[in-house]
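Chemist: Listed here are the chains, written in short residue letters.
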Amino acid sequence: MQLHTSHIKRAGLLLFGVLLVFSSCLKKIEEADHLDTNIFDRDYTGGQWFNIVDYYQYSNELGQIRVKVVFDIPESNLPNLKSSYFNLAYRRGTTELWQYAVLELNNKGGFNGSFDFITNEEHLYCLTLGIYLPEEDAVINYFEECVQL
Amino acid sequence: MITFILFEQRGGYLQFKISYVNRLKGFIILMGLALSCSSVYGQGKGVVRFLVDVDNGYFEIEINDTMLLKRYKDTLPAGTYNAKVWSPGYVTNNITFTVIEGKTVEKYVEMAKTNDYLDYESNYQDYRNQFHKQFTAPLSLSLASTLVTGVFMVRAYTFKNKIQTDMELYHLSSTTTEIDEIKLRVADYNKRYNRQRTFYYIGSGVSALCIGGTIWSYLNFKKNNTEPVYFKESPFKDKYSFNITPYGCSFTLHI
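Residue numbers (the working numbering), protein chains in the order written: chain F, 1 to 149; chain D, 1 to 255.
If we strip away everything but chain F, and leave its shape as in the complex, we get (with noise of 0.2 angstroms):
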């Protein structure tokens, strides 16, 4: 076949077009640089991953007032493959040592719970919950938020 100039410059363009049209499909991976979004991550920079849903005073079985505050963790906060349980760390207010609880799933999708406390002359109930490391003993994550009765 005799090589024509035509055939050598349709040749050429093509190359460097196929060269162009991969370039576009190369570009940085901005996300892998930033992967810092599931709240079982040590170095999570999302927000707080939990909600207080709801509080209230009312009286025990022992007729002791107490304050419930319910909270729950929405499934959009949780990874997209559940885990049928949550190892839950949290503290009441900030002097309290971490304590440990274990959440099932609900029906849908994500995990709820709620904690007592004891009525105090401020009407502050301050809740920190953060997720519990078993194998570390360590707890990570942790957010605190408070309401005012």
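Watch out, some of these pointers could steer you wrong.
Unchecked claim - These stretches of chain F come out as covered by chain D in the derived footprint (C-beta under 8 angstroms, 3 or more residues): (1) 9-16; (2) 27-39; (3) 92-105.
Since the hints were derived computationally from the structure, they do not count as laboratory data.
Just so it is clear, CB atoms sit at the ideal spot from N, CA and C, and this is done for glycine as well.
Chain F is fixed; fit chain D onto it per the hints.
Modeler: Same frame as chain F, but now just chain D:
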């Protein structure tokens, strides 16, 4: 010359009288001898093979100014022949060969190139060298550059796929230790991906330059160079013609 028939009238009868009858008899005998002699030479045939020393593989051999051969072997009646051997670009060579009955003889023919052809070969060599310098070499460089760029591209895509797979795993996982491992892998793949990406972009730039340079160089070559052409007609052209028609075939020798 033979003349005969004398008419003699005798007593009212016409009589043929052949004069030179003895000479006629002698002539008939001579003719018979000649025919028998020629049939003795025609019966014996041998094979001749020509080993013509040319580099183009083509030659024509005119034998005894009567027969044109375009192949290296033929069967001929035994005897000695004169022939002319021609090949494009070579000086016509006069040869003599002998065919022996029942045997194959080989005739080596040494050929010398004409000055025109030698000039053509030299010019053509220069032309080809220039072609290689202005097209083949830049094209090879372009192809090599493009191939290497392609390799970088494939590797970059491989890492990209791995990163995307691991990112999906990251969003699925609810185990911190697993997430730690995934993030280490993603960081490693991302580093390698970015490196391959960089090489790919550099390679693409170099390839584009090489391709552009090749096109420019080739256009320049075409503008400044014309392919030398050598064409020489056979000296035996139009001397022999062989025609085949639906009604028969004929062979003509133009003297």
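Chemist: Next step is simple, just say for each hint if it's right about the structure.
Modeler: Results for each hint:
Here the stretch 9-16 of chain F counts 4 residues with a CB under 8 angstroms from a CB of chain D, which clears the bar of 3, and the coverage holds. Against chain D, the stretch 27-39 of chain F contributes 8 residues with a C-beta closer than 8 angstroms to a partner C-beta. That satisfies the three-residue criterion, and the hint holds. Against chain D, the stretch 92-105 of chain F contributes 0 residues with a C-beta closer than 8 angstroms to a partner C-beta. That does not satisfy the three-residue criterion, and the hint is violated.
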